[in-house]
Structure formats: C-alpha cells, structure tokens
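**Student:** Protein chains in written order, with the numbering used here: chain A, 1 to 143; chain B, 1 to 113.
Calculated from the structure, these hints are not laboratory results. Idealized CB from N, CA, C, for every residue including glycine. One thing to keep in mind: the hints can contain errors.
The following residues of chain A were derived to be distant from chain B, with all beta-carbon distances above 10 angstroms [claimed, not checked]:
# : residue
1 : Lys-14
2 : Lys-36
3 : Leu-46
4 : Glu-56
5 : Ser-67
Below, simulated DMTMM-like cross-link-like pairs (lysine to aspartate or glutamate); rule was C-alpha separation at most 25 angstroms, straight line [claimed, not checked]:
#  : chain 1 : residue 1 : chain 2 : residue 2
6  : A       : Lys-114   : B       : Asp-86
7  : A       : Lys-126   : B       : Asp-29
8  : A       : Lys-114   : B       : Glu-108
9  : A       : Lys-121   : B       : Asp-25
10 : A       : Lys-47    : A       : Glu-32
11 : A       : Lys-108   : B       : Asp-29
12 : A       : Lys-108   : B       : Asp-95
13 : A       : Lys-108   : B       : Glu-108
14 : A       : Lys-52    : B       : Asp-39
15 : A       : Lys-121   : B       : Glu-110
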Amino acid sequence: MAKATMKMPDDFLKKLSKLGDKTDEIVSKVLEAGGKVALDKVQSNLKGVIGKETKEESRSSGELVSSLGISPMKIDRNGDFNVNVGFNEPRSDGGVNAKIANVLEYGKSGQPPKPFLKPAKSATRKACIETMISELDKEIRKL
Amino acid sequence: MSLLQDLNLVLGFIDIPVETGVFSDVPPDEYLVITPMSDRLDLFADNASCMSISEARLSLFTKKNYIKHVKELTKVLQAGEMTITDRQYVGYENDTKFHHYAIDVMKEYETEE
Chain A
1 MAKATMKMPD DFLKKLSKLG DKTDEIVSKV LEAGGKVALD KVQSNLKGVI
51 GKETKEESRS SGELVSSLGI SPMKIDRNGD FNVNVGFNEP RSDGGVNAKI
101 ANVLEYGKSG QPPKPFLKPA KSATRKACIE TMISELDKEI RKL
Chain B
1 MSLLQDLNLV LGFIDIPVET GVFSDVPPDE YLVITPMSDR LDLFADNASC
51 MSISEARLSL FTKKNYIKHV KELTKVLQAG EMTITDRQYV GYENDTKFHH
101 YAIDVMKEYE TEE
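Isolated chain A, as found in the complex (with noise of 0.2 angstroms):
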C-alpha cells in the first residue's frame, strides 16, 4: 500500500517552538499596545470632562489625570491574559481616585454625568484590536 509522510519544515517547527517558549512575553508586549490606545483615548476624554461645566470653579489640582495608568499583566480567574486601564491609589490627600473617576463617569443627583470611560471603550474597540494584530504580527516575525 502507497505511504506519504508530511513533514513540516524544520524552520517552521523551531519558530513555533519559540513561539510556545515566549508565549507571555509576546502576550504581554501585545496586550501593552493595544492597553496603550484605550489609555491615550481616556486620558484625553479625561482631560475633556475634567472642570467643565462646574457649578463653582473648578479645583482640579490634575491629579486624578496623572493618576492613570494600565496594570502589568495578570491572567484572570477564566484563565485569560489582561491589562487593566486605571488608576494609582490612594491619592495624595488620602483620598481614593477611583470613587472621583465614578462620580464624574456616572454623575449623582443634581451632577449630571460626563462619561468618559464607557465612550472611549466603544470608540476604541477597533483600533485596539488592529493595534494588538499588528504588535502581535510584528513579535511572530521577529522569532
């Protein structure tokens, strides 16, 4: 009976070899790119809300912008690779970023809101994720 035998090129097997090797490497230099577009877009979209239409001048001492940041990579209780967008605490006045970000995303009674988180997941989306591809594509071709 005729026999055929595949073999993949030895090029090929040692590049994806590396490729198992420097997995979270990779992942986490893509995940630092596309983290960095979402980064930029709330930063300015921050920078936007912040003292805008306040009631009495604004006191904003610009820390609550600094603040922000992304996370290293950690992997999730599914087993997912993220970075978080973010920010530092506690706050020099020891007071927590995190609640101001909230009430400026979310407004209260008598404040109204000026999301600025929720616009720019949406608006960043895409370009995230071709960020990601091309970083990703980029890494590969290095190996």
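With the hints as your guide, set chain B onto chain A.
**Tutor:** Chain B in isolation, oriented as in the chain A frame:
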C-alpha cells in the same frame, strides 16, 4: 430619527419625568436623565459610512424601590429596538436619599443619504 428622539418616545410610556443632560427643575422623588455618550460612524463602503452608532446613558434617580422601574425601562428600551450595553446600580446617595441606577443603551441607524 435619532437616539434622543427614540428615547424620548419610548420613555413617554413610563410615568417618570425625563430630561436630557441635566434635570433643570427641582427634582421630584423620581426622575430620569439622558446623557448622550457617543455617536460614531461605522460599516464603510465606497468611501462612505453606511451606519451610525449612537450611545446614551439613562440615569434613574428614585427615592422609592428602583427594581420595578428598571424592569419597565428594560422592557420599553428593548421594545424600542435598542441594545442595552450595561445596567448598573451606582449606589445610594446618603445626602440626597436617592437610589441611582444607570442603564447604557445603543442603537444603530442607517446613514441618511
């Protein structure tokens, strides 16, 4: 039609005062505020967008039980062919005694020629 027009239309079925942006009057025990969030173009063909996607946030403030209103709102929003992208109990405001609940909605519209 726009999302604001659609929202005002469907929210007319619920017996709660609604305003856009900020509630200008003295707030009653229950009221709704619509905050437009984003309005972006999508689905491109022949160098033109064929669709626009609008998003808005509904903030429900009530001193009573909010669950009944959340159910009603969910029902009328879905009947109005809107997508609910988030529902969240924001919290109880100790100073004003209001429960605050936020519902984010989205709707796609064909770009008008």
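**Student:** Each hint needs a verdict: does it hold in this structure or not?
**Tutor:** Structure-based check of all given hints:
Consistency note on Lys-14 of chain A: stated as away from chain B, and its beta-carbon is indeed over 10 angstroms from all of that chain's, at 40 angstroms minimum. Annotated as non-interface, Lys-36 of chain A keeps its C-beta farther than 10 angstroms from every C-beta of chain B; the closest such distance is 21 angstroms. Every Cβ of chain B is farther than 10 angstroms from the Cβ of Leu-46 of chain A; the closest lies at roughly 14 angstroms, confirming the non-interface assignment. With 10 angstroms as the threshold on Cβ separation, the claim that Glu-56 of chain A sits away from chain B holds: the shortest Cβ distance comes to roughly 16 angstroms.
Distance check for Ser-67 of chain A against chain B: the nearest CB is about 21 angstroms away, which clears 10 angstroms, and the non-interface claim stands. For a cut-off of 25 angstroms, the pair hint linking Lys-114 of chain A to Asp-86 of chain B stands: about 16 angstroms separates their Cα positions. With a C-alpha separation of about 41 angstroms, the suggested pairing of Lys-126 of chain A with Asp-29 of chain B is violated against the 25 angstroms cut-off. For the given pair, Lys-114 of chain A sits about 22 angstroms from Glu-108 of chain B by alpha-carbon distance, which is consistent with the 25 angstroms threshold.
In summary, the hint linking Lys-121 of chain A to Asp-25 of chain B is not supported, as the alpha carbons are separated by about 32 angstroms, beyond the 25 angstroms threshold. Note on Lys-47 of chain A and Glu-32 of chain A: the hinted pairing holds, with a Cα-Cα distance of about 22 angstroms set against a maximum of 25 angstroms. For the proposed pair Lys-108 of chain A and Asp-29 of chain B, the alpha carbon gap of about 14 angstroms is at most 25 angstroms, so the pair holds. With a CA separation close to 11 angstroms, the supplied pair Lys-108 of chain A and Asp-95 of chain B stays within the 25 angstroms bound.
Between Lys-108 of chain A and Glu-108 of chain B, the direct Cα distance comes to roughly 28 angstroms. Violation of the 25 angstroms bound is thereby established for this hinted pair. The suggested pairing of Lys-52 of chain A with Asp-39 of chain B holds, with an alpha-carbon distance near 20 angstroms, which does not exceed 25 angstroms. Taking the CA atoms of Lys-121 of chain A and Glu-110 of chain B, the gap is near 22 angstroms; set against the 25 angstroms cutoff, the hint holds.
In terms of the numbered hints stated before, the structure departs from hints 7, 9, 13, listed from lowest to highest.
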